[in-house]
Amino acid sequence: MTHKLLLHVGAPKTGTSFVQDLLFHNPKALAEQGFVYPADRFDAHFLAALDLMELPWGGLETQAVGAWDRLAEQIRDEDRTVIVSHEILAAASRPQVRRAMESFGDTEVHLVLSARDLVRQIPAEWQENVKHRRTIGYREFLDTIMDPERSGKLASWFWSVQEVPAILDRWGESLPPERVHLVTVPPPGAPSELLWQRFAGVLGLDPAPLERGGGRANPSLGVPEIALIRRVNGRVNHGVLGGDPYRALVRELVAHRTLSARTGSPRLYLPEDAQAWATDLSKRWVAALSTKGYDVVGDLAELQPASTGPFVDPDAPDEGEVADAALDTIVALLQHEVDARRAGRDRERALREEVEVLRRERDEAWERFYGRASYRARQRLVRAADRSRLMALLLRGYRRARGRSSRSA
Amino acid sequence: MPAMSRVVSLHIGAPKTGTTYLQDRLALNRSALAEHEVHYPLGLHASHFRAALDLIDMPWGGQREEVRGDWDALMRSVRRYSGKVVVSHEILAAAQPDQVAKAMADLEGSEVHLVYTARDLARQIPADWQEGIKHQRARSFANFVRRVQNARRTRPTLWFWRAQGLPDVLSRWSAGLPPERVHLVTVPQSGAPHDLLWERYCQALGIDPDWAPTDSERVNSSIGAAETTLLRRLNRRLRDSGLDPADYRPLVRERMVHQCLALRDGMARATLPPDAFDWISEVTEEWIEWIEGSGIDVVGDLKDLRPTPPADDEPWQDPDRPATSDMLDAAIDALVAMTLEAAHRPDPDEQIGAKIGRAAKRLRGQ
Amino acid sequence: MTRSVSATFDAVAWSWVDHLRHRGCTPWLDWVARPDPADPLVAGRLPGRLPGAAQLETVRRLAARPRSAEAPFTDLAELVLDRAAPGRGPDDLPLLWPHRDAREGFGPPPVDPARIPASELVRVLVGALAELLVRTPDEDRPAHRTRRRRLAVVGSPALAPALRATLGRGEPAGAGVVVLAEPMDELLGQTWALRMRRGGIAPWPRHVERCARTGRLPRAADPAGTAAQWAERVGPDQVHVVVARPGEEYDAQRAAADALGIEIGDAAAPRRRGPGPAQAELLRRLNQVLRGRTPADRHRALVNRLVPLLAGDPRAHRLTVPARYEGWLRHTAEQAVHRLREGGFRVHGDLDALLPAAPDTSGPSDWDLLDLALDTCLAVAGAPATSVVLTSGGARR
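Chains as they are written, first to last, in this note's numbering: chain A, 150 to 558; chain B, 34 to 399; chain C, 3 to 399.
Calculated directly from the structure, the hints in this document are not laboratory data.
Only a predicted model underlies this, so the values are computations on that prediction, with no experimental measurement involved.
Glycine residues also receive a C-beta, built at the ideal position from the N, C-alpha and C atoms.
Some hints here could point you the wrong way.
[Unchecked claim] To be clear about the criterion: a stretch of chain B counts as covered by chain A if any three or more of its residues have a C-beta under 8 Å from a C-beta of chain A, and this derived list gives those stretches:
(1) 201-214
(2) 269-282
[As the list claims (entries may be wrong)] Looking from chain A toward chain B, a few residues come up when the C-beta cut is under 7 Å (computed):
(3) L291
(4) R380
(5) N382
(6) L390
(7) A472
(8) L476
(9) V480
[As the list claims (entries may be wrong)] One side of the interface only, derived from the structure: several residues of chain A facing chain C at Cβ under 8 Å:
(10) G164
(11) E203
(12) T211
(13) D218
(14) R219
(15) P244
(16) Q245
(17) T293
(18) I294
(19) M295
(20) R299
(21) G388
(22) G391
(23) P394
(24) V435
Starting from the given sequences, assemble the full structure and let the hints guide the process.
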């Protein structure tokens with residue numbers, strides 16, 4: 150009996166991080182149920198996707214050499230059910246999909262795509278862009294994706310990861326429709342566990358034994374917060390701030406840990422024209438999807454935009470609110486800096502204490518030798534013993550200290 | 034050592050009258066001045082701040098303890114020289130009578146002169162408010178002005194009057210000094226030639242300005258109203274999160290304010306509300322009367338002490354309510370500066386490794 | 003799997019694919035407009051769907067190049083048609099069908115392949131090039147020739163090697179050093195091209211920005227700094243600064259020979275070594291793909307293999323510095339000229355030539371890059387080691 154592969158290819162912002170977090174942190178629970186999520190690091194499937202699609206990603210691609218073939222080999226050699234999940238796989242073009250399918254050998258491939266209504270997806274995509282250093286305004290972003298020409302990298306990427314019927318058509322090209330599973334994200338207000346239950350159902354997993362790993366939730370930011378990041382981007386792009394500090398400071402510390410805590414700010418929705426266009430497009434998608442015979446987990450109607458909210462324009466935000474968000478951010482950065490300096494000082498103090506101990510031991514060595522042999526012999530002995538023992542002591546202490554000290558967050 | 038001919042010029046203030054510039058210029062030209070027997074004894078420090086703080090004995094964000102003994106050390110330094118010795122720090126103005134007495138006793142045997150630089154109250158009040166904000170205070174401008182207005186000016190307890198109350202400061206410090214040894218230097222109004230203050234200062238010190246030709250390149254570290262209010266709001270939040278003054282100084286005051294915000298273009302300064310000018314003028318006239326009657330040496334022009342009232346057609350911008358876009362702009366600048374600071378922090382492991390390496394070398398006797 | 007295009011479209015399209023695979027170069031819309039457009043069932047169809055319009059157009063343009071006869075074309079065409087273009091950009095573009103809307107209702111809009119932007123075709127070619135290079139086994143490279151004598155000719159990465167080769171044949175008369183100086187923007191461009199040669203991926207504007215922001219020029223673009231360093235070792239009167247403007251290589255060589263006291267007779271003008279701006283840009287895009295496909299040392303070896311096959315004339319273009327750095331460039335060049343003048347060095351030529359000329363826009367266009375990419379791809383496919391692999395039907399990626 151051929152084993153199964155459950156290939157979850159997207160879409161972004163549909164709870165994929167949550168799923169991946171659970172799968173990565175529960176290998177035993179998965180194994181007990183006959184599953185395997187073959188990943189030696191959290192981003193293993195991400196690297197495999199980068200390799201498959203020959204996608205540069207800020208230098209990370211150098212770690213992705215050969216990653217797809219390795220993953221495919223693992224999949225072929227497994228006899229348990231394999232789960233693979235990463236949301237950029239949705240963007241794979243037809244030749245890449247063909248290559249992927251061929252690499253699975255005679256595994257029984259099931260495609261899983263989670264999808265959320267466009268009215269929630271579009272603002273989320275723009276936000277992702279801004280968190281990745283883009284400075285494009287919201288209106289310009291909307292105009293770009295609404296342009297039927299789809300010219301340019303931004304538009305082509307957006308559609309490649311969001312256009313549900315096209316993704317299913319590409320990835321499902323060689324699959325019977327009953328092996329194409331579309332999981333719809335419940336509307337806002339639905340119980341938070343519902344989406345995960347749907348996933349678990351599709352995967353065939355009993356979710357109960359699985360535990361969260363420590364949360365990589367990426368909550369959405371409000372309008373003033375996104376506007377703030379966008380303005381900061383304008384100031385730190387063009388060589389002012391490198392990629393690594395941007396990721397660690399602007400995306401992680403500022404966006405994910407500080408600004409996302411400001412839950413009272415206005416949320417981002419679509420303006421009227423984009424709302425009408427998105428509603429219309431969703432209708433056409435739903436109509437097309439309902440004729441395909443895919444396995445729908447949830448309800449196609451959930452892809453129709455439900456309620457929306459008042460449109461607050463991030464291109465012309467309330468400056469007072471943005472200033473407020475900026476102040477919170479400055480405080481967070483200050484705290485971060487203070488903590489880092491304190492950690493450095495503590496470490497330094499500990500090492501200085503070690504040096505003190507060594508100094509004391511040296512003085513004791515002096516005392517012992519001074520009382521016995523003749524002066525010159527004493528001198529020689531002291532120096533020789535001093536040097537070699539000291540050397541050993543110092544090296545030991547130094548190595549210990551270096552090994553202990555680790556990079557602060 | 035017998036009391037040789039030694040003149041000590043004590044420049045005691047006021048704060049926010051260009052004193053940093055004057056002290057910096059003295060420091061830059063120390064050797065040249067020494068050739069003319071004019072001494073500015075700094076030792077290893079950058080200014081007489083530590084000695085002054087020791088004398089006036091105020092907490093100062095935890096720094097009081099670090100400076101214990103520094104005033105006596107300075108006095109010992111002073112006593113080693115003959116000729117003219119300049120001691121300068123603007124917080125000396127706040128000294129209480131017993132502290133003044135101690136200072137005078139320490140300088141027994143020298144001919145003591147007092148120098149006090151003074152600027153008009155309309156500029157001093159916003160400047161002192163700003164200085165307080167830079168020291169982690171969070172009081173609004175309106176509140177600050179009200180306090181200044183209501184506080185007593187004789188035997189004052191409010192910092193502002195302790196340091197800026199001209200007749201009170203000079204009376205306190207000049208007890209026992211003949212008036213011709215008290216020199217009041219007026220700071221010129223804006224628009225005056227750059228060197229004018231320096232020339233006047235030299236005149237008060239009794240030195241030739243050409244003895245200190247190297248000019249200071251210090252940039253004015255003052256910020257505008259929007260920036261000050263931003264800082265004030267930040268201070269309020271930092272109070273809740275508890276930031277140590279020892280951390281506040283390098284990160285906020287130095288990095289964020291002096292190295293970033295102070296360099297912004299086109300900042301609108303904080304100014305007094307129009308209705309405060311009558312009261313200010315009253316006080317100023319009192320002071321001018323006092324000065325004229327005191328017989329002290331005035332270097333400059335007493336008219337400089339009269340504030341320039343604002344033009345009728347210029348609307349007053351309340352410093353507590355700056356334009357939001359100005360504040361946001363400043364906030365972004367500050368945010369970016371802090372991000373860059375965090376990003377450019379060198380690897381602490383490397384630094385520590387280097388230090389240990391050096392210590393180890395020393396132990397090995399290399 | 004439903005095919006929602008009409009049978010006629012299908013037949014016409016596949017017959018065009020076949021035409022292209024056999025070095026046909028009729029544009030798509032012309033093909034459609036022929037009186038008898040389709041052969042009903044064409045042998046040699048590739049399995050699966052129609053290749054994307056960008057891939058098809060790329061093959062058509064390959065066919066249209068004069069060099070297309072040198073390569074095993076059908077195999078090359080199959081490689082291109084079967085691959086996705088690397089990185090981001092529009093993919094799987096459907097062919098425009100003028101008779102009716104052949105759209106599925108979703109997916110990218112159909113296009114006229116002749117109107118696809120050059121940069122998209124270059125993207126396809128870069129992927130194909132990477133694939134060709136990666137598939138070809140590494141050859142054993144001959145041991146690096148050891149240089150016979152150390153000759154101090156420094157500066158100008160494009161010119162110095164050739165000069166060293168010519169001058170190396172004679173005996174130097176003293177301890178002199180020649181520092182080749184060229185216009186500052188020219189030198190900056192050469193240092194960037196050199197970085198691309200060594201696997202770099204920073205675009206030209208970012209290279210300039212980095213230099214401007216850090217205030218540090220790469221050594222080869224800093225004749226004043228280099229001259230000063232050498233002066234510390236051998237004394238300023240032994241440092242000969244030779245100004246070499248593009249087009250004046252012969253005179254520069256003569257001046258360098260005289261300065262070092264070397265007899266070179268009637269040697270020909272030194273040839274500038276590439277890569278030129280367009281080649282460097284192609285290498286840059288290729289590096290982005292290769293670094294995700296091979297480890298660093300193999301990457302280097304692959305680029306080394308490619309460089310001799312790079313098409314185009316390295317001297318055809320000149321890079322211009324982005325407008326906002328013009329001021330910085332001028333200032334830096336003026337400083338360099340001043341230091342060179344005041345350094346006590348022996349100067350041969352007019353130092354003012356180092357100042358940047360009025361900016362012109364002779365930098366390579368996307369179309370220049372496309373032609374270069376097409377010819378390079380053909381050259382690589384036709385190279386003996388690669389063509390063997392191609393024609394032996396190496397497994398599809």
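Hints, one by one, checked against the model:
1. Check result for the stretch 201-214 of chain B against chain A: violated, 0 residues qualifying (beta carbon to beta carbon below 8 Å, three or more required).
2. A count of 6 residues in the stretch 269-282 of chain B with a Cβ less than 8 Å from any Cβ of chain A is obtained; the coverage claim is therefore met, three being the minimum.
3. A cut of 7 Å between beta carbons decides the hint on L291 of chain A: the least distance to chain B is about 24 Å, and the hint is violated.
4. With 7 Å as the threshold, the beta carbon of R380 of chain A comes within range of chain B, its nearest partner Cβ sitting at about 6 Å, so the hint holds.
5. About 10 Å separates the beta-carbon of N382 of chain A from the nearest beta-carbon of chain B, more than 7 Å, and the hint is not met.
6. The interface hint given for L390 of chain A is met, as the beta carbon of that residue sits about 6 Å from the closest beta carbon of chain B, less than 7 Å.
7. For A472 of chain A, the suggested interface contact is upheld, since its CB lies about 4 Å from the closest CB of chain B, less than 7 Å.
8. At its closest, the beta carbon of L476 of chain A sits 6 Å from a beta carbon of chain B; the interface hint therefore holds under the 7 Å criterion.
9. With a cut of 7 Å, the hint placing V480 of chain A at the interface with chain B holds, because the nearest CB-to-CB distance is about 5 Å.
10. For G164 of chain A, the shortest C-beta to C-beta distance to chain C is roughly 23 Å, which exceeds 8 Å, and the interface hint is violated.
11. Because the beta carbon of E203 of chain A sits about 3 Å from the nearest beta carbon in chain C, less than 8 Å, this interface hint is met.
12. Taking 8 Å as the C-beta cut-off, the interface hint given for T211 of chain A holds, the closest approach to chain C being about 5 Å.
13. The interface hint given for D218 of chain A is broken, as the beta carbon of that residue sits about 10 Å from the closest beta carbon of chain C, more than 8 Å.
14. The restraint placing R219 of chain A at the interface with chain C is violated, with a minimum CB-CB distance near 14 Å, outside the 8 Å limit.
15. For P244 of chain A, the shortest C-beta to C-beta distance to chain C is roughly 4 Å, which falls under 8 Å, so the interface hint holds.
16. Annotation: interface hint on Q245 of chain A holds; nearest CB of chain C at approximately 5 Å, less than 8 Å.
17. Given the 8 Å rule on beta carbons, the hint for T293 of chain A is violated: about 13 Å separates it from the nearest Cβ of chain C.
18. Here the hint on I294 of chain A is broken, as its CB sits about 13 Å from the closest CB of chain C, past 8 Å.
19. For M295 of chain A, the suggested interface contact is broken, since its CB lies about 13 Å from the closest CB of chain C, more than 8 Å.
20. With a cut of 8 Å, the hint placing R299 of chain A at the interface with chain C holds, because the nearest CB-to-CB distance is about 6 Å.
21. The interface hint given for G388 of chain A holds, since its Cβ lies 5 Å from the closest Cβ of chain C, which is under the 8 Å cut-off.
22. A cut of 8 Å between beta carbons decides the hint on G391 of chain A: the least distance to chain C is about 11 Å, and the hint is violated.
23. At its closest, the beta carbon of P394 of chain A sits 15 Å from a beta carbon of chain C; the interface hint therefore is violated under the 8 Å criterion.
24. Nearest Cβ of chain C to the Cβ of V435 of chain A: about 12 Å, over the 8 Å cut. The hint is violated.
Hint compliance for this structure: hints 1, 3, 5, 10, 13, 14, 17, 18, 19, 22, 23, 24 are not met, and every other hint is.
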